[in-house]
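Now for the letters of each chain:
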Amino acid sequence: QKEVEQDPGPLSVPEGAIVSLNCTYSNSAFQYFMWYRQYSRKGPELLMYTYSSGNKEDGRFTAQVDKSSKYISLFIRDSQPSDSATYLCAMNPGGGNKLTFGTGTQLKVEL
Amino acid sequence: GAVVSQHPSRVICKSGTSVKIECRSLDFQATTMFWYRQFPKQSLMLMATSNEGSKATYEQGVEKDKFLINHASLTLSTLTVTSAHPEDSSFYICSAHPETGNTIYFGEGSWLTVV
Numbered sequence: 001q002k003e004v005e006q007d008p009g010p011l012s013v014p015e016g017a018i019v020s021l022n023c024t025y026s027n028s029a030f031q032y033f034m035w036y037r038q039y040s041r042k043g044p045e046l047l048m049y050t051y052s053s054g055n056k057e058d059g060r061f062t063a064q065v066d067k068s069s070k071y072i073s074l075f076i077r078d079s080q081p082s083d084s085a086t087y088l089c090a091m092n093p094g095g096g097n098k099l100t101f102g103t104g105t106q107l108k109v110e111l
Numbered sequence: 001g002a003v004v005s006q007h008p009s010r011v012i013c014k015s016g017t018s019v020k021i022e023c024r025s026l027d028f029q030a031t032t033m034f035w036y037r038q039f040p041k042q043s044l045m046l047m048a049t050s051n052e053g054s055k056a057t058y059e060q061g062v063e064k065d066k067f068l069i070n071h072a073s074l075t076l077s078t079l080t081v082t083s084a085h086p087e088d089s090s091f092y093i094c095s096a097h098p099e100t101g102n103t104i105y106f107g108e109g110s111w112l113t114v115v
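Here the protein sequences line up with chains A and B, keeping their order.
So the first sequence is residues 1 to 111, counted in my numbering.
So the second sequence is residues 1 to 115, counted in my numbering.
The reader is advised that the hints may include incorrect statements.
Unchecked claim - Estimated spans, in silico, between C-beta atoms of each pair:
1) K41(B) with N22(A): 12 to 22 Å
2) S12(A) with S83(B): 37 to 47 Å
3) F39(B) with E45(A): 17 to 27 Å
4) V115(B) with D58(A): 42 to 52 Å
5) V115(B) with S28(A): 25 to 35 Å
6) R41(A) with L26(B): 29 to 39 Å
7) S26(A) with E59(B): 30 to 40 Å
8) K64(B) with G95(A): 19 to 29 Å
9) D58(A) with K41(B): 37 to 47 Å
10) G61(B) with P8(A): 39 to 49 Å
11) T82(B) with I18(A): 44 to 54 Å
What the hints assert, rightly or not - Chain B is nowhere near these chain A residues, computed Cβ spacing over 12 Å in every case:
12) G16
13) A17
14) Q31
15) N55
16) R60
17) T62
18) S68
19) D78
20) N92
21) N97
22) Q106
No wet-lab data here; the hints were simulated from the structure.
Glycine included, C-beta positions come from ideal geometry on N, C-alpha and C.
Let's have the full structure, built from the sequences with the hints guiding it.
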């Protein structure tokens with residue numbers, strides 16, 4: 001079993017839809033949770049960063065962490081074609097430790 | 001957000017030659033930098049962790065003599081692919097961890113093609 005599980009997709013949604021992306025993990029030491037967006041042939045771009053359990057909102061993006069269930073989510077409201085990319089969840093225990101990544105979910109937002 | 005710059009973004013080299021890729025944190029000091037390799041449609045594969053002023057820690061299966069990593073300052077780490085072969089062709093990405101906080105930022109990546 002992988003430390004971090006993420007459905008690779010592809011996930012195809014119509015423009016304006018609410019998108020839900022999820023990851024589960026097994027290591028209870030993980031305290032910091034991040035979502036990165038990666039466009040084709042580019043480096044990952046940090047979207048959201050959360051510490052421990054709770055919600056965090058930034059514009060159309062909301063990140064949720066449920067440590068009791070070892071489950072994290074990223075919601076995208078009013079999705080746009082420009083949101084089409086691969087979304088990677090990542091996490092670590094903190095202290096500059098290396099990130100453990102999910103496999104990434106490929107999202108396509110269609111007109 | 002914080003900026004991590006990689007150079008070159010694309011490089012083509014001949015088999016047997018060496019190629020150096022630079023990773024710079026432009027607006028923060030990075031105590032730790034990470035080097036990844038990514039194959040098409042796959043997630044990032046961590047190659048090594050470099051800490052300023054000390055030797056890099058390589059992941060299992062990564063040849064340290066082939067992938068030389070130098071973290072000479074708090075803003076610069078380099079990856080040198082030595083005696084490159086076509087199978088080394090890949091997308092190489094660095095990330096940097098600031099001295100404070102736990103956010104990790106990625107560079108834009110470098111495409112290496114060995115012919």
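Which hint numbers does the structure go against, in order from smallest to largest? Violated hints (numbers, rising): 5, 6, 7, 9, 10, 14, 20, 21, 22; every other hint is consistent with the structure.
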